[in-house]
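Residue numbers (full-length UniProt numbering), protein chains in the order written: chain E, 1 to 81; chain H, 1 to 81; chain V, 1 to 81; chain Z, 1 to 81.
A portion of the hints provided could be inaccurate.
Copies of one chain are not kept apart here, so a pair can be met inside one copy or by any two copies together.
Restricting the straight-line Cα-Cα distance to at most 30 Å, the calculated cross-link-like pairs of lysine-lysine (BS3-like) are [what the hints assert, rightly or not]:
(1) K23 to K45
(2) K23 to K63
(3) K45 to K57
(4) K28 to K50
(5) K53 to K29
(6) K50 to K63
(7) K28 to K49
Calculated directly from the structure, the hints in this document are not laboratory data.
4 protein chains.
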Amino acid sequence: MKIILNGELFEIRLTEYTDRIEKLEEEKKEISDQIATVYQEAESKGFNKKALKQALKMLKLQKEERDLQLELTTQYLEEIG
Amino acid sequence: MKIILNGELFEIRLTEYTDRIEKLEEEKKEISDQIATVYQEAESKGFNKKALKQALKMLKLQKEERDLQLELTTQYLEEIG
Amino acid sequence: MKIILNGELFEIRLTEYTDRIEKLEEEKKEISDQIATVYQEAESKGFNKKALKQALKMLKLQKEERDLQLELTTQYLEEIG
Amino acid sequence: MKIILNGELFEIRLTEYTDRIEKLEEEKKEISDQIATVYQEAESKGFNKKALKQALKMLKLQKEERDLQLELTTQYLEEIG
């Protein structure tokens with residue numbers, strides 16, 4: 001495909017980029033599948049997948065923030081639950 | 001726009017549908033803005049927005065399931081935290 | 001629920017906010033259902049739902065930008081397709 | 001963490017799963033960053049990122065379906081645009 005870049009004619013093969021993107025997207029999909037498999041393994045051992053996902057999500061917060069979130073969520077649920 | 005439906009020529013105005021969809025999308029956007037406003041109000045009164053969203057999300061679960069999720073998330077965080 | 005706000009004790013009912021949020025979320029859900037119904041109606045008249053959604057999404061762009069997107073997408077697909 | 005699985009007491013380390021999940025999530029994030037980099041490279045060469053993403057998305061469809069989508073989207077935009 002001919003691309004005019006800053007007035008100059010270039011023959012740049014778009015597939016140079018799309019092949020790389022497609023390969024990386026495939027790798028990303030494979031890793032997502034592996035993550036799903038590990039969750040299934042944990043679940044088969046008796047761990048609760050939803051709670052595990054929530055715990056891993058909250059792990060990204062500082063401990064104080066995590067504890068505050070858990071405490072307030074529990075407190076709010078007691079009032080509105 | 002002419003549409004051939006089951007062999008018959010129809011003059012169906014696409015805008016008959018798109019106008020309705022656009023109007024509904026606008027209404028939906030307005031309601032999202034109102035929801036955001038209520039969260040801001042609650043936040044201004046000292047409520048924690050993230051915990052409030054989490055509590056409302058969990059409210060859709062049965063009480064037992066909610067309590068289990070909170071308990072296990074706390075327990076898992078203690079181990080991996 | 002008692003909230004200490006700027007040192008003062010307040011009795012603020014959390015449900016004052018959560019009831020409003022839940023009501024608005026319900027309204028939002030109803031509108032989403034109505035949008036889905038209009039798409040189904042259009043589909044039953046022979047319109048292509050996916051193309052209709054893409055057209056409405058692109059309608060938010062300026063005409064020049066829309067035409068450019070369509071032209072380049074077609075051009076790129078010819079090269080990588 | 002002690003887990004009672006089918007009546008038997010197991011000492012299963014939750015971190016056995018969470019460490020693996022976190023490592024995989026990191027790998028996934030790295031690949032997402034690489035994909036973003038390739039898009040930037042393509043953009044620097046004059047390719048349109050949004051059209052490129054749309055083309056790669058449509059590439060997953062059969063050619064006939066792709067051509068139909070492009071044709072109908074163009075047609076619908078002409079009517080409602």
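Checked hints:
1. K23 to K45: between (34 Å within a copy, 20 Å between copies)
2. K23 to K63: between (38 Å within a copy, 20 Å between copies)
3. K45 to K57: both (20 Å within a copy, 27 Å between copies)
4. K28 to K50: both (22 Å within a copy, 20 Å between copies)
5. K53 to K29: Classified as both: same-chain Cα gap 18 Å, cross-chain 17 Å, threshold 30 Å.
6. K50 to K63: So K50 and K63 pass the 30 Å test inside a copy (20 Å) and across (15 Å) alike.
7. K28 to K49: both (21 Å within a copy, 20 Å between copies)
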